[in-house]
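Quick mapping for you: the protein sequence lines, in order, are chains A and B.
Quick note, the first sequence lines up with residues 658 to 767 if you use the working numbering.
Quick note, the second sequence lines up with residues 567 to 681 if you use the working numbering.
Worth double-checking, as some hints may not be accurate.
What the hints assert, rightly or not - From chain B, some residues computed to sit far from chain A (all C-beta separations above 12 Å):
(1) Asn598
(2) Ser633
(3) Thr654
(4) Ala669
Unchecked claim - Below, simulated DSBU-like cross-link-like pairs (lysine-lysine); rule was C-alpha separation at most 30 Å, straight line:
(5) A:Lys763 to A:Lys704
(6) A:Lys704 to B:Lys649
(7) B:Lys579 to B:Lys632
(8) A:Lys713 to A:Lys698
(9) A:Lys713 to B:Lys611
(10) B:Lys611 to A:Lys698
(11) A:Lys698 to B:Lys649
(12) B:Lys643 to A:Lys763
(13) B:Lys632 to B:Lys649
(14) B:Lys611 to B:Lys649
(15) A:Lys763 to A:Lys713
(16) B:Lys632 to B:Lys611
(17) B:Lys643 to B:Lys632
(18) B:Lys579 to A:Lys713
(19) B:Lys649 to B:Lys579
(20) B:Lys611 to B:Lys579
(21) A:Lys763 to A:Lys698
(22) A:Lys704 to B:Lys643
(23) B:Lys632 to A:Lys704
(24) B:Lys643 to B:Lys579
Unchecked claim - If you only want the chain B side, here are some residues facing chain A, beta carbon under 10 Å, derived:
(25) Gly603
(26) Gln607
(27) Pro608
(28) Gly612
(29) Glu614
(30) Pro629
(31) Val653
(32) Thr658
(33) Tyr662
(34) Ser664
(35) His667
(36) Tyr670
(37) Gly674
It should be emphasised that the hints constitute simulated quantities derived from the structure, not laboratory data.
We put the CB at the ideal spot given by N, CA and C, even for glycine.
If you want the building blocks of each chain, they are given just below.
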Amino acid sequence: QAVVTQEPSRTVSPGGTVTLTCGSSTGPVTSGHSPYWFQQKPGQAPKTLIYDTNIKHSWTPARFSGSLLGGQAALTLSGAQPEDEADYYCLLGYNTFWGVFGGGTKLTVL
Amino acid sequence: QLQLQESGPGLVKPSETLSLTCSVSGASISSNTYYWGWIRQPPGKGLEWIGMMSSSGSSYYNPSLKSRVTISVDTSKNHFSLKLSSVTAADTAVYYCSRSHGAYLGQGILVTVSS
Chain A
658 QAVVTQEPSR TVSPGGTVTL TCGSSTGPVT SGHSPYWFQQ KPGQAPKTLI YDTNIKHSWT
718 PARFSGSLLG GQAALTLSGA QPEDEADYYC LLGYNTFWGV FGGGTKLTVL
Chain B
567 QLQLQESGPG LVKPSETLSL TCSVSGASIS SNTYYWGWIR QPPGKGLEWI GMMSSSGSSY
627 YNPSLKSRVT ISVDTSKNHF SLKLSSVTAA DTAVYYCSRS HGAYLGQGIL VTVSS
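Only chain A is shown next, with the shape it has when bound in the complex:
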């Protein structure tokens, strides 16, 4: 089974920009993996921020964006706010259907 990798932790200053990445053990991440990004705050259910690489929900703050970058899926946060401190998980779809989650990135806004 494929392994999806994320940075265990990242720190960003308030108002700063940070890019979280999501890689695949099978090779470059493409749009065919339909990357998803989820945000989870302590004690809460995960919330879907991005799906199909870069599609946002109505509730996704404009400061979040999804893309493909250097063979990985990427989630960029521009203008970090204290409330963005959370765990972020990516998911990749293999052969369209089989999903694999990354281990998550703990984002600290400090």
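Since chain A is already given, all that's left is putting chain B on it; use the hints.
The following block gives chain B in isolation, referenced to the frame of chain A:
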């Protein structure tokens, strides 16, 4: 707006079958456009994709769980279900239902496996 709501027992005995239902509102699951699935999260750990199924019957499961998992869709009730057999303490988790891989998620239900 699509809404998903999980329901089912919060406590299951070891070796028994975990059964959960996800009620869908705001959309008809009989449309073959989307898949309907399940994700879980053990306490203090990350997310795990369980599997998904379309209303036409096409299903895809996590290989590590495939032998124990069944997802079914009931279009007459606009809900879908998860069955996980031969559960152990390792199956204790919050279970989330989802559209496709997770474009929409339910609020989750904690299921504890204990005698």
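Status of the hints after comparison with the structure:
1. Asn598: The claim stands: Asn598 of chain B keeps its Cβ more than 12 Å from every Cβ of chain A (closest is about 14 Å).
2. Ser633: holds (14 Å)
3. Thr654: Answer for Thr654 of chain B: holds, closest chain A Cβ roughly 20 Å.
4. Ala669: violated (5 Å)
5. A:Lys763 to A:Lys704: Roughly 15 Å between the alpha carbons, so the hint for Lys763 of chain A and Lys704 of chain A holds.
6. A:Lys704 to B:Lys649: holds (24 Å)
7. B:Lys579 to B:Lys632: Distance of about 20 Å is within 30 Å: holds.
8. A:Lys713 to A:Lys698: holds (18 Å)
9. A:Lys713 to B:Lys611: holds (26 Å)
10. B:Lys611 to A:Lys698: Roughly 13 Å separates the two Cα atoms, so the pair holds.
11. A:Lys698 to B:Lys649: holds (28 Å)
12. B:Lys643 to A:Lys763: violated (39 Å)
13. B:Lys632 to B:Lys649: holds (11 Å)
14. B:Lys611 to B:Lys649: Holds, at roughly 22 Å.
15. A:Lys763 to A:Lys713: Within the cut-off at roughly 21 Å; holds.
16. B:Lys632 to B:Lys611: Holds, because 21 Å separates the two Cα atoms, which is no more than 30 Å.
17. B:Lys643 to B:Lys632: holds (25 Å)
18. B:Lys579 to A:Lys713: violated (40 Å)
19. B:Lys649 to B:Lys579: holds (14 Å)
20. B:Lys611 to B:Lys579: Status holds; Cα separation ~22 Å.
21. A:Lys763 to A:Lys698: holds (10 Å)
22. A:Lys704 to B:Lys643: Satisfied, since the Cα-Cα distance of roughly 26 Å is no more than 30 Å.
23. B:Lys632 to A:Lys704: With a Cα-Cα distance of about 26 Å, the restraint between Lys632 of chain B and Lys704 of chain A holds, given a limit of 30 Å.
24. B:Lys643 to B:Lys579: The given pair, whose Cα atoms are some 28 Å apart, holds under the 30 Å limit.
25. Gly603: holds (8 Å)
26. Gln607: Holds, about 8 Å.
27. Pro608: With Cβ-Cβ at 12 Å, over 10 Å, it is violated.
28. Gly612: Check passed: Cβ of Gly612 of chain B comes within 5 Å of chain A, closer than 10 Å.
29. Glu614: With Cβ-Cβ at 6 Å, under 10 Å, it holds.
30. Pro629: Holds, because the Cβ-Cβ distance from Pro629 of chain B to chain A comes to roughly 6 Å (cut-off 10 Å).
31. Val653: Since chain A brings no Cβ nearer than about 21 Å to Val653 of chain B, farther than 10 Å, the hint is violated.
32. Thr658: Since chain A brings no Cβ nearer than about 17 Å to Thr658 of chain B, farther than 10 Å, the hint is violated.
33. Tyr662: holds (7 Å)
34. Ser664: holds (9 Å)
35. His667: Holds: closest Cβ of chain A sits about 5 Å from His667 of chain B, inside 10 Å.
36. Tyr670: Where the cut-off is 10 Å and the nearest Cβ of chain A is about 7 Å from Tyr670 of chain B, the hint holds.
37. Gly674: holds (5 Å)
In summary, the numbered hints that this structure violates are 4, 12, 18, 27, 31 and 32.
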